[in-house]
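Asks: With the sequences and hints as input, model every part of the structure.
In order, the protein sequences belong to chains R and V.
First residue of the first sequence? That's 1 in the working numbering, and the numbers climb one at a time after it.
First residue of the second sequence? That's 269 in the working numbering, and the numbers climb one at a time after it.
Not one of these hints is a red herring.
Some chain R residues near chain V, calculated using beta-carbon distances under 10 Å:
id : residue
1  : Arg-24
2  : Leu-129
3  : Thr-134
4  : Val-137
5  : Pro-145
6  : Tyr-146
7  : Leu-176
8  : Ala-182
9  : Gly-189
10 : Lys-192
11 : Glu-232
12 : Thr-235
13 : Val-244
14 : Ala-251
15 : Glu-256
16 : His-261
Worth flagging that the hints you see were computed from the coordinates, not collected in a lab.
C-beta: ideal position from N, C-alpha, C; glycine also.
Here's the letter readout for the chains.
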Amino acid sequence: MRIGVCIKQVPDTDSHLRIADSGREIDDSDLNWVISSCDLCALEEALLLAEAQVSRGEERPELVVFSLGPARVEEALRKALALGADRAVHLADEALQGGDALADGRALAAALAGANCDLVLTGAQSDDLGQAATPAVIAEILGLPYAWLVMAVELDAPRQSARVVRELEGGMNEVLRLDLPAVLAIQAGINKPRFASLRGTLQARGKPLHREDCSGVDAGLVGAAGAGTETESVTLPPAGAGGVVIEGVSAEAAAEELLAHLEREAAL
Amino acid sequence: MVLLPHTYQSAEYAPRLAVRLGASYIASVSSATLDPCGGLHFSRAILQARLRAEVRPKRRLVVATVQIGAFGGHEPVESPERVFEVGRPADVERHREREILGREAAGAGGVDLPGAERIVTAGRGVGGPDEVSVAADLASALDAELGASRPVVDNGWLPREHQVGSSGHIVAPNLYVALGVSGSIQHLMGMSGSRVIVAVNRDPEAPIFSVAHYGIVADLHDVAPALTRLLEARRSG
Ligand SMILES: Cc1cc2nc3c(=O)[nH]c(=O)nc-3n(C[C@H](O)[C@H](O)[C@H](O)COP(=O)(O)OP(=O)(O)OC[C@H]3O[C@@H](n4cnc5c(N)ncnc54)[C@H](O)[C@@H]3O)c2cc1C
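Replies: Spelled out as structure tokens, the structure:
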């Protein structure tokens with residue numbers, strides 16, 4: 001059995017974000033790049049599924065991580081290897097860059113199909129663009145069953161199926177059974193991602209990280225050429241409803257001022 | 269153009285629909301404009317609502333999902349020009365590859381967030397499981413229920429039943445105090461109907477300030493204990 005995990009490298013949401021001079025993207029000159037949080041949960045879930053298979057006396061599935069992006073993405077893949085993935089595939093080709101979810105999903109689907117994965121895990125949505133579209137695009141292109149916002153996975157390898165719990169609004173969950181191969185988009189909170197050990201980091205250096213050129217896919221369908229959308233501008237959100245801002249005073253003074261307002265509002 | 273609400277059900281299949289139609293796909297838009305040349309432009313939150321992006325579809329067909337609550341309620345159109353009745357086409361087989369087995373509640377009850385008069389919510393900015401007490405202390409000084417943003421629950425700092433937001437409780441108390449909450453769309457969906465909203469956040473650009481009636485730009489570890497002390501002093505004084 002082989003499990004493919006797609007990870008995206010995104011700006012750390014805690015880093016200071018500046019809009020680039022072009023006004024069309026964020027300034028990436030001094031950003032801190034990390035693996036998107038749900039994608040880390042997807043990788044952790046793959047590791048847990050592999051461990052569960054082993055403890056049931058079955059063969060350990062091979063875990064392959066995939067990421068599309070420029071050279072910096074190698075660092076994210078190395079981290080995934082340090083966490084326990086067996087090998088990594090970097091979709092680094094220049095022609096694949098600059099796409100949107102449709103284009104990236106198509107490129108990833110081609111790479112995943114080439115690797116013959118029985119199960120594909122991704123995060124539910126990226127911390128940067130947050131469209132929640134790439135895994136659904138992968139599922140559609142590969143013609144596979146799909147579930148979004150997955151909060152639990154149990155594999156039934158002999159029957160080639162998975163029991164999945166997925167979130168609905170308002171504190172309800174839906175229980176599903178999906179045939180394998182399937183694509184599952186993992187929601188944050190399903191598990192607590194582990195930290196890489198020193199041993200894992202050292203072992204990762206010897207694990208295969210391979211660059212995939214995706215020569216099989218139609219160049220017009222991937223990268224900037226294949227994108228269905230174009231970002232015209234990036235701006236700060238519109239200022240709020242004009243609330244009262246308390247700033248630059250001591251904590252005690254801020255507390256006094258706030259309580260005076262709340263008393264007047266009869267909110268206490 | 270095909271428009272769908274950005275719910276947990278439709279956002280699951282909408283991108284597949286876009287692929288099948290050869291359409292552009294844009295998720296969770298909060299506004300749309302038509303330029304004089306007939307071009308469509310959509311606005312959507314990116315980077316956890318810290319920035320907005322204006323996006324243009326490059327294809328003639330567009331599938332877009334609309335952020336719940338982004339557009340105010342309009343008067344219903346009295347008679348839509350055409351209504352299509354769509355039944356299940358006879359040749360569509362029931363999918364066997366994906367089967368719904370049932371539904372279940374996600375967490376246990378026990379906390380009455382929807383019925384609360386006041387709520388103090390701990391966001392990820394409180395910093396860790398041991399620091400949740402700054403929010404809990406303020407909650408008890410205000411006689412409020414304790415809420416949590418999703419990461420606080422996901423990290424196990426508070427149980428799931430404290431969660432406010434689209435995948436937790438939808439609340440509208442008289443007073444909502446958000447400590448170290450950035451103000452993501454999913455969180456705002458759960459609390460923006462509160463009567464008086466107070467936000468304490470050290471980032472002046474945090475999106476929570478766009479819905480807050482009172483915003484304190486400061487470290488919550490200074491302000492929340494100061495508020496607690498003041499309330500306790502008043503109570504005993
Ligand atoms: C399908 C889906 C459903 C979701 N449902 C929900 C939901 O129901 N509820 C929910 O909350 N989220 C939900 N989320 C997650 C949501 O997208 C955000 O990730 C989450 O709301 C962020 O939580 P936060 O504001 O606590 O953390 P962050 O976004 O990390 O914000 C922390 C804030 O704390 C501030 N801060 C840090 N330290 C301090 C300090 N010392 N003093 C003052 N301020 C400080 C920072 O400036 C920052 O603004 C959902 C996501 C998805 C994809």
